[in-house]
Amino acid sequence: MERKRKVYFWTCCLVSASCILANFLPGSRSARALARARKLRADATLTEMAMVDKLFASAPTGNVFLFFDGLDPDSTVDMRLVTTLTYRGSFTLYPRRVFVDERMTPILQRSLLTERDRPSVAWLRENGVHYVFEVQKRDGVILPTRIHKVAP
Amino acid sequence: MIAIILFTILCLLIGAAVLFWLQTPINAGELLTIPLIGLGVLGMSCFYLSFCGLPIRWWTLTTLAVLATIALSAFGIRVRRGGVRLPVLKRPGKEALLLLPGLCALGVIGYTAFVYRLQAWDSFAVWGIKAKALYAEGLWSSACFSDPRLAFSHLDYPLLFPAQLGAMHALTGGPETFFCKYVCVFTFLAGLLYFAHSACSRLPKSCALLLAGAVFALPTLIDQAGTGYADVTLFVFYLAVVHQLTAEKEGDPFLSAILVTILAMTKNEGLALAAMAAALIVVRHLWAGEKRSAVRFATSAGLMLVPLFVWKLTVPDLHEQYLSRILSGDFRNGLYGLGLITRIAWIDVKQLSAWGAGWTLLPLAAAFLLWCRRDLSSVRKRLILLSCLLATQVGLYVTVYLSSPTALHDLLPVTVWRLSLHCFPPVLYIWMTVGQGLNRAVDPKKDINTVPSTSPCALSPQTETPE
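Residue numbers (the numbering used here), protein chains in the order written: chain A, 1 to 152; chain B, 1001 to 1467.
These are calculated hints, taken from the structure and not from any lab test. Please note that a few of the clues may not be correct.
[As the list claims (entries may be wrong)] Pairs of lysine-lysine, DSSO-like flavour, derived with a Cα cap of 27 angstroms: (1) B:Lys1090 to B:Lys1205; (2) B:Lys1249 to A:Lys6; (3) B:Lys1350 to A:Lys6; (4) A:Lys137 to A:Lys54; (5) A:Lys6 to B:Lys1205; (6) A:Lys149 to A:Lys137; (7) B:Lys1291 to B:Lys1249; (8) B:Lys1249 to A:Lys4; (9) B:Lys1205 to B:Lys1381; (10) B:Lys1249 to B:Lys1381; (11) B:Lys1094 to A:Lys4; (12) B:Lys1381 to B:Lys1291; (13) A:Lys149 to B:Lys1090; (14) B:Lys1090 to B:Lys1249; (15) A:Lys54 to A:Lys149; (16) A:Lys4 to B:Lys1381; (17) B:Lys1291 to A:Lys6; (18) A:Lys4 to B:Lys1205; (19) A:Lys54 to A:Lys39; (20) B:Lys1205 to B:Lys1249; (21) B:Lys1205 to B:Lys1094.
[Unchecked claim] Between beta-carbon pairs, the in silico distance windows are: (22) A:Asp74 to B:Trp1287: 48 to 58 angstroms; (23) A:Gly70 to B:Ala1407: 25 to 35 angstroms; (24) A:Arg80 to B:Cys1052: 56 to 66 angstroms.
No residue lacks a Cβ here, since even glycine has one placed at the ideal position from N, Cα and C.
Full structure from sequences and hints, please.
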């Protein structure tokens, strides 16, 4: 019985050691996390989220409407741009709001990029939108975001 | 910096008040559970405050601190009168150094957490925005819990983690993305201390502390603990609930109910896990012939969960809707999905750079069970409970995957590591319970890690008759 307990103890030690040593394996998850953090710390202003935050900082008041033009709903890159701008913008501005659609539908539907017109000024005013950010894609290139101020 | 100190003091005060009132007599080791209990009860209290229409502000948190202090003072009076005796504290021995890997991991997490801020997807799109909403508007007036256009943040997700972030916002004076990450660091530390205590109550101290330090130095845990996702929060509270389920000394049913409620409030997965764990806790009480404890546990957990369910009923359910899919038998991914789930889960758990050999604990425990099954009769019931919990959990996760509307080859690679993290606590406890059974078989008279106690009823694994 004592032998069984010893086997248990040494097995436990070996498994525990492997968990600790795993951090030193090339490409370990912890090493990757640390590398990501170092990269972020080296230049925090160049990250995707920091750039979105900076973009939304140009809307100091009211809500924002995001208008996407020419983006492809089948493109992963384009959809990622849509989600990044919407989700991060919503977080950054909250409790102010980011709208992407005039309808009360959950976002991220294909129709968002395929069947849409510009919102009417009356709707924008009614919903307290002060700025419209227009994200355009022309000939496969995303153009710099155009910012329109909604007349009060 | 002051906010960090205040947050720590608040958690310790609340944790100590809850533990001293519910778990007397206690031993010195149980003091290590104070931070985790305090952190959980703080989050829960902030949710209840919001549910009652009160804002999460410095003055409401001060009220909580005052209430905790009053409770502690009343406990102090009981101690003075000689009704209760305090545990004798001892200097930690050299074995405490075995926790060093976990503490080094804590350093890495401190660094990554404060550098990342809220940059990871779920940290801002799900939890960060809810924390802002809870802090700025409260539970009932915020669009964050009602407007379908914000459905990307999962309107109906339980709110423990955002409530903890909201408490940090209240202490810093407003929503920000730097100091609130202290919640992640504190969660990790509190989880480490809790698990160290839990392991020490089952295994010889050196083995227990080595295991605790190693588990909290797992690359997957280090990777995720700093990001601001709620999975590590779920992991540590699930550890606490599984500890309660399989503890040698059956804890106070009310404390078990509090921990189950906290788990249910952590994530949607936590809600399912809490239901499973609660059912098994009731079974354990009934097995032990303690009907009254079972009723006390079920009643108090049910009552504490009422606000969560009342609130959830008011929130539009726009995402996933797994329950209705499962109930209607909509398993759109079929057998093909089952193969894919097994393959990707296997790829994840066998990754040495992610888990070390952590997952080998399950087959190793099974091997020990076969090898020493006669010696493990004293822990047989607890092993059955844990195996049921693990099997139900894995079954539930597989069922949810099979009914998922999202393509599995997109969904699995980004979620499977989280679910394997959720499944790890029962595996750890199965392993430790096997070790406890072996220890007891070798030396049934000797107390493992005798913790100096002033009470005859203090934790003593050998005082209970074998199951």
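Hints, one by one, checked against the model:
no. : hint                                     : verdict
1   : B:Lys1090 to B:Lys1205                   : 14 angstroms, holds
2   : B:Lys1249 to A:Lys6                      : 26 angstroms, holds
3   : B:Lys1350 to A:Lys6                      : 26 angstroms, holds
4   : A:Lys137 to A:Lys54                      : 20 angstroms, holds
5   : A:Lys6 to B:Lys1205                      : 14 angstroms, holds
6   : A:Lys149 to A:Lys137                     : 21 angstroms, holds
7   : B:Lys1291 to B:Lys1249                   : 16 angstroms, holds
8   : B:Lys1249 to A:Lys4                      : 25 angstroms, holds
9   : B:Lys1205 to B:Lys1381                   : 24 angstroms, holds
10  : B:Lys1249 to B:Lys1381                   : 14 angstroms, holds
11  : B:Lys1094 to A:Lys4                      : 26 angstroms, holds
12  : B:Lys1381 to B:Lys1291                   : 17 angstroms, holds
13  : A:Lys149 to B:Lys1090                    : 67 angstroms, violated
14  : B:Lys1090 to B:Lys1249                   : 22 angstroms, holds
15  : A:Lys54 to A:Lys149                      : 17 angstroms, holds
16  : A:Lys4 to B:Lys1381                      : 21 angstroms, holds
17  : B:Lys1291 to A:Lys6                      : 39 angstroms, violated
18  : A:Lys4 to B:Lys1205                      : 18 angstroms, holds
19  : A:Lys54 to A:Lys39                       : 19 angstroms, holds
20  : B:Lys1205 to B:Lys1249                   : 18 angstroms, holds
21  : B:Lys1205 to B:Lys1094                   : 11 angstroms, holds
22  : A:Asp74 to B:Trp1287: 48 to 58 angstroms : 56 angstroms, holds
23  : A:Gly70 to B:Ala1407: 25 to 35 angstroms : 26 angstroms, holds
24  : A:Arg80 to B:Cys1052: 56 to 66 angstroms : 40 angstroms, violated
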